[in-house]
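Novice: What follows is the residue order along each chain.
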Amino acid sequence: MAYKIIGSQCTGCSACEPECPNVAIYEKNGVFMINPKKCTECIGHFDDAQCAAVCPVDNTCVIDTSQPRYQAA
Amino acid sequence: MQETTYVDVGNIKPIAQTTQLNALLDKVAEHKGCGTSGGSGKASCGSSDGPEDMDPEVWEKVKNHPCYSEEAHHHYARMHVAVAPACNIQCNYCNRKYDCANESRPGVVSEKLTPEQASKKVLAVASTIPQMTVLGIAGPGDPLANPEKTFKTFELIARTAPDIKLCLSTNGLTLPDHVDTIASFNVDHVTITVNMVDPEIGQHIYPWIYYKKKRYTGIDAARILTERQMQGLEMLTERKILCKINSVMIPGINDKHLVEVNRAVKSRGAFLHNIMPLISAPEHGTVFGLNGQRGPTAQELKALQDSCEGEMNMMRHCRQCRADAVGLLGEDRSAEFTTEKIDAMEVVYDAETRKAYQETVEQERQATVAAKNAEKEQLAQLADAEGISMLIAVATKGHGKINEHFGHATEFQIYEATAKGAKFVGHRRVDLYCQGGYGEEDSLQTVIRAINDCHAVFVAKIGGCPKDDLKKAGIDPVDKYANAFIEQSAISYFMAYVGKVQSGEIVHQVRGDADIRQGAYTAAVA
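For the record, the sequence lines run as chains A and B.
Quick note on this note's numbering: the first sequence kicks off at 1 and runs consecutively.
Quick note on this note's numbering: the second sequence kicks off at 1 and runs consecutively.
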């Protein structure tokens, strides 16, 4: 599974973007999005998913259950 | 950009005892920053005499910074550029989702800017408002949680408009990592928001922080934050960078504790302490707004500021402005300088005109100081004021004069007159723009509630109806000092008042409390 940002709740503050170790986060129309193909849930990089740890709005940067679980290579 | 040094939380040293710091502390203690001898005890920063009783080095830094010198704020303007949207801590009084063009409070901004847009905006504003001397970065997040954007903006502005002072306002979490970079840009004013020095209290203000790739909550979060803030403060004062401490007064949570905060920051060389009232309303969607946490009343705030004043300079002229505010502290001209409007402007940076204008301002403020000193001599003849003190509300457009009509005032400045003189002690917002649907009578009641602790209100002009209502409320409407200097007029009024009390013509009565800010600021956005 990858993380996703719920666009309607995103404030566009950009805090998540530089924290992502996979450069998976980009801005679109004033809010930020995560490319699920690049997201590794920070596994192998950090103990916590960085985007979720830094996001100022609760329950906005969450696991996207529609995506398959990330498998470390 | 310079390399930054990381210091582990465990390695944070106690209060720095370097000779440099001690020398600075001595200086601060000697003349109490830019304190003066006026008022009851000590006047607010730089409020009168200026260079004579102050280290010239410090005076040079504060004399045209409206936030660091109360006296300067009548003459000089500042602007904030919103280049730093990200934050690394969460405060219970802040909701980052919220933006309203009609709202004015920290953390609120209408449009984010890139460093390049910000730099152009600064030039446009500097050309239009020659008394704009200070550029600050205050968010809407934390400038040091966006170091690239913040320092890129400084770099661009330092190149194109080197006469503009740069400053920033931070929560302090990453401050120790950036002190050297800050110093390399000749930033000589840094504000740190310190709401506590005790993690037990901090946990009720900060739900979490994001530090070194981890989210910390509760006491751990507050402990790291306070350690980093104090370390950052020490590092700045060691480098002779003037530090202002902002504290939000939250009744029942940190109101009593702020006296300890005051001691802690003073001992580390902070220059000025700004205790601000909590802004809290359910419409803001903040934790405190939603759980009904109230802000302090005007007298509660003043009492706390007064009790800290013996320790160090207190800032009382803070307007808690937006992260994209433009203009004198009491005004906000940000709507004139949207990106769209700036793109349409032809900007020519004219340093000469700015210099000439600022020289005129200097002459003007010297006249203010001279006028006030003359009146003080007169005051010395008043042998006994029988311990009387009074608050006076003043309608002013700036320049230290009573030059605003009662009905046009969006705020009143509050002066305290005692046998020692007149000093600025605060201000009250009375703008009603977001309250839509209220009649004039209601707005007058709002004004009366805001200045209810005052004996008199000084205005340039006032209509017959409000005059009568003010009198009924026990507030004396005074228009005879129209266009005169504020402090001089306050002293003159006070002396006449004491004279009347002594002759038995009137009986001195103590006034009640007042509201600092009123109304919801979201109701009439449309």
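Hint data in this document are derived by calculation from the structure and do not stem from the laboratory.
There may be inaccurate statements among the hints.
A few chain B residues that don't get close to chain A, going by computed Cβ distances all over 12 Å [to be verified]:
#, residue
1, Gln-90
2, Gly-141
3, Pro-207
4, Glu-375
Derived lysine-lysine pairs resembling DSSO-like cross-links, with alpha carbons at most 27 Å apart [claimed, not checked]:
#, chain 1, residue 1, chain 2, residue 2
5, A, Lys-38, B, Lys-420
6, B, Lys-500, B, Lys-397
7, B, Lys-471, B, Lys-500
8, B, Lys-213, A, Lys-37
9, B, Lys-341, B, Lys-420
10, B, Lys-120, B, Lys-152
11, B, Lys-165, B, Lys-212
12, B, Lys-472, A, Lys-28
13, A, Lys-4, B, Lys-420
14, B, Lys-213, A, Lys-4
15, B, Lys-120, A, Lys-28
16, B, Lys-61, B, Lys-397
17, B, Lys-165, B, Lys-97
18, B, Lys-376, B, Lys-472
19, A, Lys-37, B, Lys-214
20, B, Lys-213, A, Lys-28
21, A, Lys-38, A, Lys-28
22, B, Lys-61, B, Lys-152
23, B, Lys-240, A, Lys-37
24, B, Lys-165, B, Lys-61
25, B, Lys-355, B, Lys-376
26, B, Lys-120, B, Lys-61
27, B, Lys-256, B, Lys-212
28, B, Lys-341, B, Lys-376
29, B, Lys-61, B, Lys-214
30, B, Lys-480, B, Lys-397
31, B, Lys-97, A, Lys-4
32, A, Lys-28, B, Lys-341
33, B, Lys-355, B, Lys-420
34, B, Lys-355, B, Lys-165
35, B, Lys-240, B, Lys-165
36, A, Lys-4, A, Lys-37
37, B, Lys-256, B, Lys-152
38, B, Lys-61, A, Lys-28
39, A, Lys-38, B, Lys-165
40, A, Lys-4, B, Lys-214
No experiment lies behind these values; they were computed from the predicted model shown.
Glycine included, C-beta positions come from ideal geometry on N, C-alpha and C.
Novice: Confirm or reject each hint.
Specialist: Structure-based check of all given hints:
no.: 1; hint: Gln-90; verdict: violated (6 Å)
no.: 2; hint: Gly-141; verdict: violated (6 Å)
no.: 3; hint: Pro-207; verdict: violated (9 Å)
no.: 4; hint: Glu-375; verdict: holds (50 Å)
no.: 5; hint: Lys-38/A <-> Lys-420/B; verdict: violated (69 Å)
no.: 6; hint: Lys-500/B <-> Lys-397/B; verdict: violated (30 Å)
no.: 7; hint: Lys-471/B <-> Lys-500/B; verdict: holds (17 Å)
no.: 8; hint: Lys-213/B <-> Lys-37/A; verdict: holds (22 Å)
no.: 9; hint: Lys-341/B <-> Lys-420/B; verdict: violated (48 Å)
no.: 10; hint: Lys-120/B <-> Lys-152/B; verdict: holds (13 Å)
no.: 11; hint: Lys-165/B <-> Lys-212/B; verdict: violated (31 Å)
no.: 12; hint: Lys-472/B <-> Lys-28/A; verdict: violated (58 Å)
no.: 13; hint: Lys-4/A <-> Lys-420/B; verdict: violated (63 Å)
no.: 14; hint: Lys-213/B <-> Lys-4/A; verdict: holds (19 Å)
no.: 15; hint: Lys-120/B <-> Lys-28/A; verdict: holds (24 Å)
no.: 16; hint: Lys-61/B <-> Lys-397/B; verdict: holds (25 Å)
no.: 17; hint: Lys-165/B <-> Lys-97/B; verdict: violated (30 Å)
no.: 18; hint: Lys-376/B <-> Lys-472/B; verdict: violated (32 Å)
no.: 19; hint: Lys-37/A <-> Lys-214/B; verdict: holds (24 Å)
no.: 20; hint: Lys-213/B <-> Lys-28/A; verdict: holds (25 Å)
no.: 21; hint: Lys-38/A <-> Lys-28/A; verdict: holds (17 Å)
no.: 22; hint: Lys-61/B <-> Lys-152/B; verdict: holds (23 Å)
no.: 23; hint: Lys-240/B <-> Lys-37/A; verdict: violated (49 Å)
no.: 24; hint: Lys-165/B <-> Lys-61/B; verdict: holds (9 Å)
no.: 25; hint: Lys-355/B <-> Lys-376/B; verdict: violated (32 Å)
no.: 26; hint: Lys-120/B <-> Lys-61/B; verdict: holds (25 Å)
no.: 27; hint: Lys-256/B <-> Lys-212/B; verdict: violated (32 Å)
no.: 28; hint: Lys-341/B <-> Lys-376/B; verdict: violated (47 Å)
no.: 29; hint: Lys-61/B <-> Lys-214/B; verdict: violated (38 Å)
no.: 30; hint: Lys-480/B <-> Lys-397/B; verdict: holds (17 Å)
no.: 31; hint: Lys-97/B <-> Lys-4/A; verdict: holds (18 Å)
no.: 32; hint: Lys-28/A <-> Lys-341/B; verdict: holds (24 Å)
no.: 33; hint: Lys-355/B <-> Lys-420/B; verdict: violated (36 Å)
no.: 34; hint: Lys-355/B <-> Lys-165/B; verdict: holds (14 Å)
no.: 35; hint: Lys-240/B <-> Lys-165/B; verdict: holds (15 Å)
no.: 36; hint: Lys-4/A <-> Lys-37/A; verdict: holds (11 Å)
no.: 37; hint: Lys-256/B <-> Lys-152/B; verdict: violated (40 Å)
no.: 38; hint: Lys-61/B <-> Lys-28/A; verdict: violated (42 Å)
no.: 39; hint: Lys-38/A <-> Lys-165/B; verdict: violated (43 Å)
no.: 40; hint: Lys-4/A <-> Lys-214/B; verdict: holds (19 Å)
Hints 1, 2, 3, 5, 6, 9, 11, 12, 13, 17, 18, 23, 25, 27, 28, 29, 33, 37, 38 and 39 from the earlier list are contradicted by this structure; the remaining hints agree with it.
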